[in-house]
Amino acid sequence: MNALQPKSRTSVLIGFVDWIMPLACAVLMVYFAFATKAFFTFANISTVITQNAPTFVVAGFAGMLLMSGYVDLSVGSMMALSGVSAAIVFNSAGVGAGVVTGLAVGLLVGVVNGILIGVLGLSPIVVTLGGLAGGRAMAQFLAPDSIFGFPPPVGAFANTSFLGITYVGWVAIIVSLILVFVMGALPIGKRIQAIGVNPRASFLVGIRVKWTVVALYAAVGLAVGIAGLLQVARLDSAPSGTLGLGFEVTILTAILLGGIPFTGGRGSIWRVLIGVWLLAILKNGLTLMNFGPEVAGMVTGGVLVVAAGLEALTVWLRRRA
Amino acid sequence: MSEQQSSLVVTDLWKSYGSNTVLKGVDLELRAGRVHALLGANGAGKSTLLSCLSGAARPDSGDITVAGTVHAGFTPLQAFDAGIAIIYQHFQLIGPLSVSDNVFLGSELKTNLGLTDRARQEAETREVFRLLGLDVDPKRAVETLSVGEQQMVEIARAVRRKPSVLILDEPTAALGVHEVDALLALVRRLARGTGISVVYVSHLLGEILEISDDVTVLRDGEVLWSRARADIGLSDLVDAISPDRREQQQGNRALDTAVKIEFEQLSGGFTGPIDLALREGEIVGVFGLLGSGRTDLLETIAGVRPRAGGTIRLGGKPVDHRSPRAAISAGIALVASDRKEQSLFGEMAAVDNLLMPHLSKLAKGMRNRAGELAEFADVAGRVGLVPNNPLLPADSFSGGNAQKIAVGRWAAGSADVQVLLLDEPTQGVDVGARSDLYDLIRGVAEAESMAVIFASSDPEEIVALADRVIVLVDGEVRYSGPNELDEAELTALAQPESTERNVSV
Chain A
0 MNALQPKSRT
10 SVLIGFVDWI
20 MPLACAVLMV
30 YFAFATKAFF
40 TFANISTVIT
50 QNAPTFVVAG
60 FAGMLLMSGY
70 VDLSVGSMMA
80 LSGVSAAIVF
90 NSAGVGAGVV
100 TGLAVGLLVG
110 VVNGILIGVL
120 GLSPIVVTLG
130 GLAGGRAMAQ
140 FLAPDSIFGF
150 PPPVGAFANT
160 SFLGITYVGW
170 VAIIVSLILV
180 FVMGALPIGK
190 RIQAIGVNPR
200 ASFLVGIRVK
210 WTVVALYAAV
220 GLAVGIAGLL
230 QVARLDSAPS
240 GTLGLGFEVT
250 ILTAILLGGI
260 PFTGGRGSIW
270 RVLIGVWLLA
280 ILKNGLTLMN
290 FGPEVAGMVT
300 GGVLVVAAGL
310 EALTVWLRRR
320 A
Chain B
0 MSEQQSSLVV
10 TDLWKSYGSN
20 TVLKGVDLEL
30 RAGRVHALLG
40 ANGAGKSTLL
50 SCLSGAARPD
60 SGDITVAGTV
70 HAGFTPLQAF
80 DAGIAIIYQH
90 FQLIGPLSVS
100 DNVFLGSELK
110 TNLGLTDRAR
120 QEAETREVFR
130 LLGLDVDPKR
140 AVETLSVGEQ
150 QMVEIARAVR
160 RKPSVLILDE
170 PTAALGVHEV
180 DALLALVRRL
190 ARGTGISVVY
200 VSHLLGEILE
210 ISDDVTVLRD
220 GEVLWSRARA
230 DIGLSDLVDA
240 ISPDRREQQQ
250 GNRALDTAVK
260 IEFEQLSGGF
270 TGPIDLALRE
280 GEIVGVFGLL
290 GSGRTDLLET
300 IAGVRPRAGG
310 TIRLGGKPVD
320 HRSPRAAISA
330 GIALVASDRK
340 EQSLFGEMAA
350 VDNLLMPHLS
360 KLAKGMRNRA
370 GELAEFADVA
380 GRVGLVPNNP
390 LLPADSFSGG
400 NAQKIAVGRW
410 AAGSADVQVL
420 LLDEPTQGVD
430 VGARSDLYDL
440 IRGVAEAESM
450 AVIFASSDPE
460 EIVALADRVI
470 VLVDGEVRYS
480 GPNELDEAEL
490 TALAQPESTE
500 RNVSV
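First to last, the protein sequences are chains A and B.
In terms of numbering that gives the first Met the number 0, the first sequence opens at residue 0 and continues consecutively.
In terms of numbering that gives the first Met the number 0, the second sequence opens at residue 0 and continues consecutively.
Bound-form chain A, shown alone:
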């Protein structure tokens, strides 16, 4: 039995491949720190966190969902729908009611996705692709023009900091820490992974597969509601046409960079958060170096292909191990 022998060269290699992405992230930060003066300052890092707070919040939950083998493509459009709904209520019934509305719309959409997919067994891609098209259209139907002029507390929330980081940024940090804890330290984390690895075996050992999937979609929906509120507060407006446009691609990119394959069952949440961070600093650092956003886009594409290569390499090494 090989397993009793000291670690084989192959398993050491697999361990190394596992660390390439986090290492690349660290190397990139060091590079930007030397290439531009502005990058490695507390103010800039804090800004990056704030700018990417909605991505952090949703990527963690969507990563958990993909870990169980399910995907949600509707997050961007649903962010627009919940954000626009919240904005309308901000201006008509006040801030508290608006927050509740934003969260409720997100949660409701998540529950509906979850029941259609988890309980009725419809295709996750088809259902949430429908949500991608329909959610944005509903947002635009509700508010053809951008909504702004919110009551003062909205802007105050977005512009207040604690220990140098905005409240918006803190929401992202706290949600991220909670998710890392849940996946790493609670039994449900292993069960979610188990569903992704082998749904039939999960069912047979007594895991409530269907309801776990519903709960995961609901959690993603709630996270989308939170992200919608954060984004609306940050922008101090709710543009139905552009709010969260392309968000689903960013989320999926971050998750895949985090090592969770489309089939689920592998990877971890902290890696997903590193994936979000990698995308965020790429954009920020290249901007600081005076490259346009199209360069960041091209580099992101390249990084994703490299990630796919690393994934294939791991699978190949594992088969040989």
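Wrong hints could be hidden among the right ones.
[Said to hold, decoys possible] Computed spacing ranges between beta-carbons, pair by pair:
#, chain 1, residue 1, chain 2, residue 2, range
1, B, T256, A, L128, 57 to 63 Å
2, B, Q426, A, F39, 56 to 62 Å
3, A, S236, B, P95, 48 to 54 Å
4, A, F290, B, R139, 54 to 60 Å
5, A, L312, B, G383, 32 to 38 Å
Read the hints as simulated data drawn from the structure, not as lab findings.
Predicted model only: the values in this text are computed from it and were never measured.
Where a beta carbon is used, it is the ideal one built from N, C-alpha and C, also for glycine.
Please arrange chain B on chain A, whose structure you already have, making use of the hints.
For chain B alone, kept in the frame of chain A given last:
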């Protein structure tokens, strides 16, 4: 019976996997236009012989002579070119495509413009179908056909390429009674009409007697005998596939412990009704061939399938669970037959696999890693897991040790299993590791006062492990009593009605 020429001759074929020699000098002669049945118990070397013929495996030594050319072995493509076609239990058809598109898949007929010539393909498909006596519209999508018709399309596809040898591996496994009759008729017509040699592999003895012209029996990698159908009867076949020596019977105990679980007129979607009571520590073996309902019965008890009727009483109290989850909390756990597909989480660590159902019970809010590892060490020690490494992924264990994880799951300290159900407990397990598992199952049953029901298609396993035996045929109980029957008697009892009728012919 005229002496037709040989279409394929196998001479002194040897094949080993590692230290395990599977084929020990097999000789086989197939003659044109005849149906040659191949049978043998599990592990006799049937599949390996087929693999050598179809190019899936390469023999270590020996010759395969086809149409006068001597081959030392094949790749799949070479076997195909040599005129050997094989049809597996799982069809290789593309559902949405039409019948004729499937028949010509990969070797499409082209028009002068290089387009697919559908008209000619359909015409040629009809021609092959006429030869086989098959009445199916070549334009229909394959997925709209019955399983039996799909089987025949598979055969038609192979026959169109005019092979000299056609191998059918358990061709009736998925078919209903009427479809079996139609298939047997087709196979006979095929052999007589085209001169193709058909190799017919089946464990259904009645079918073999009905269809074959010649019969070869393998045992322990050697040819036990090879005779013409006319010279043999059912008893020859039953004797041939049963081992000489009887496994030492370790089961067949009469227990007087308390009754653990009772079934009263229990029926599942297909199986039953069944009356049965098991005592603490007792092991009941359910013997049945493929399609006998043995898995259906276990899954009904385990809450995986809905119960059609009847009562289950656990410790005297009726239980009415409707999911595996509810069954497990009532104390009934199932170890399914296909470990990879149904039991284990391949890439996850052994400790997570073992404790997946008990993580919440072990956790104090947060997961308790130290407690998990301690419990793993306890179970791994008791079941003799090798290697005893909690962090190794489940898919890197051997079959026997993977099964120890799957069984050990329900013997863990935090499990509270009263009734353990095992479907094919040693499927894909080396012969040498089987008795370990039997000891393990017996030990678990005794130590935890469990009642154990296992299902098996291997009569040796029934004889070796069971205290009492149930024989299922077509979902009905054919025998229920002490473990007194030997392998041959069990095998004869388990044959479906339809083949009995054929046997008496």
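Given the range 57 to 63 Å, decide if the beta-carbon distance of B:T256 to A:L128 lies inside it.
-> With Cβ atoms ~59 Å apart, the hint holds.
Cβ-Cβ distance between A:F290 and B:R139: within 54 to 60 Å?
-> 59 Å Cβ-Cβ, so the 54 to 60 Å window holds.
Cβ distance range 32 to 38 Å for A:L312 and B:G383, holds or violated = Taking Cβ atoms as reference, A:L312 and B:G383 lie about 36 Å apart, which means the hint holds.
Falls inside 48 to 54 Å, the C-beta gap from A:S236 to B:P95?
-> For B:P95 against A:S236, whose Cβ atoms are near 49 Å apart, the range 48 to 54 Å holds.
B:Q426 paired with A:F39, Cβ distance criterion 56 to 62 Å = holds (59 Å)
Of the numbered hints given earlier, the model fails none.
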